[in-house]
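K.L.:
Fit chain B to the supplied structure of chain A, relying on the hints for placement.
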Amino acid sequence: SQELEQSPQSLIVQEGKNLTINCTSSKTLYGLYWYKQKYGEGLIFLMMLQKGGEEKSHEKITAKLDEKKQQSSLHITASQPSHAGIYLCGADGGGNKLVFGAGTILRVKS
Amino acid sequence: KAGVTQTPRYLIKTRGQQVTLSCSPISGHRSVSWYQQTPGQGLQFLFEYFSETQRNKGNFPGRFSGRQFSNSRSEMNVSTLELGDSALYLCASSIGPRQLYEQYFGPGTRLTVT
Numbered sequence: 001s002q003e004l005e006q007s008p009q010s011l012i013v014q015e016g017k018n019l020t021i022n023c024t025s026s027k028t029l030y031g032l033y034w035y036k037q038k039y040g041e042g043l044i045f046l047m048m049l050q051k052g053g054e055e056k057s058h059e060k061i062t063a064k065l066d067e068k069k070q071q072s073s074l075h076i077t078a079s080q081p082s083h084a085g086i087y088l089c090g091a092d093g094g095g096n097k098l099v100f101g102a103g104t105i106l107r108v109k110s
Numbered sequence: 111k112a113g114v115t116q117t118p119r120y121l122i123k124t125r126g127q128q129v130t131l132s133c134s135p136i137s138g139h140r141s142v143s144w145y146q147q148t149p150g151q152g153l154q155f156l157f158e159y160f161s162e163t164q165r166n167k168g169n170f171p172g173r174f175s176g177r178q179f180s181n182s183r184s185e186m187n188v189s190t191l192e193l194g195d196s197a198l199y200l201c202a203s204s205i206g207p208r209q210l211y212e213q214y215f216g217p218g219t220r221l222t223v224t
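Chains as they are written, first to last, in the working numbering: chain A, 1 to 110; chain B, 111 to 224.
This is chain A alone, in the form it adopts within the complex (with noise of 0.2 Å):
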C-alpha cells in the first residue's frame, strides 16, 4: 500500500521567513493533495495536484508535484501567524482510497 512521509514533522520559523514542507510517497503519485488544519478542527483544502510538474499557487502558498521524485513540496513565502497549523499532504493510494501524510506542524513566531 502506498505510504506517505512529510518532513519535517515541526517546524518554528520567525514571521517573514519562508519554508518548505516536503511529502515523499513510496509509490508514483497521480494525485496529490495538500491541506491544513487547525487543532482539533476540520480540514481546510489548499490545492491539488495531478500531473507531473504542475505547480500552484495561493496567496503565498505555492506547491509543487514532482512525479519522478514521487515528491511534493509545499512552501509558503513570507510566513504569517495565520499560517501556523498543521500540513497533511493526501494521495491516491488505488483503489480510490486517500492515503494520508502524518502532518507537519508549523509555528510562527511573532
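Worth flagging that the hints you see were computed from the coordinates, not collected in a lab. Small disclaimer: the values here were computed from a predicted structure and weren't measured. Check before you lean on any hint, since a few could be wrong.
What the hints assert, rightly or not - Calculated lysine-lysine pairs in the DSSO-like style (CA-CA distance at most 27 Å, straight line):
#, chain 1, residue 1, chain 2, residue 2
1, B, LYS167, A, LYS36
2, A, LYS69, A, LYS56
3, A, LYS51, B, LYS167
4, B, LYS123, A, LYS27
5, A, LYS27, B, LYS167
6, A, LYS17, A, LYS60
P.N.:
Chain B in isolation, oriented as in the chain A frame:
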C-alpha cells in the same frame, strides 16, 4: 452557502455501545467521504459515498458502516465500540467523485469511548 455540518460535535460513549454520526454536505454536493483521525494513526480514510452508493472503503473492520440518503446526507455507524475508536471523525463533501473535485471538510465529531 452553508458549509459541511456534522452532528453531534462531541460524544461520549461506553465500550460496547453503538454510535451514529451525521454529516450534511454542502448543498449540491453528491459525494461524502468519512475519515478517522487519531494521534497514533493519523488521518485515515473510512469510506466514500456518491449518489447513495459506497464507492470504496478503507481498511476498517465491519463494525464501521455508513450510508447516504437521497438528499446526500450521510451517516456513519460504529457498533460494539472499543476504546480505540476514540477519535475525531471528519466528513468531507465534494460536487462529484473525490478524485476529480475539491473536498470541503466539516468541523468533525469528537468521539470519546470510556
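K.L.:
Does each hint fit the structure? Answer for all of them.
P.N.:
Hint-by-hint comparison with the structure:
no.	hint	in the structure
1	B:LYS167 - A:LYS36	holds (24 Å)
2	A:LYS69 - A:LYS56	holds (18 Å)
3	A:LYS51 - B:LYS167	holds (25 Å)
4	B:LYS123 - A:LYS27	violated (39 Å)
5	A:LYS27 - B:LYS167	holds (20 Å)
6	A:LYS17 - A:LYS60	holds (12 Å)
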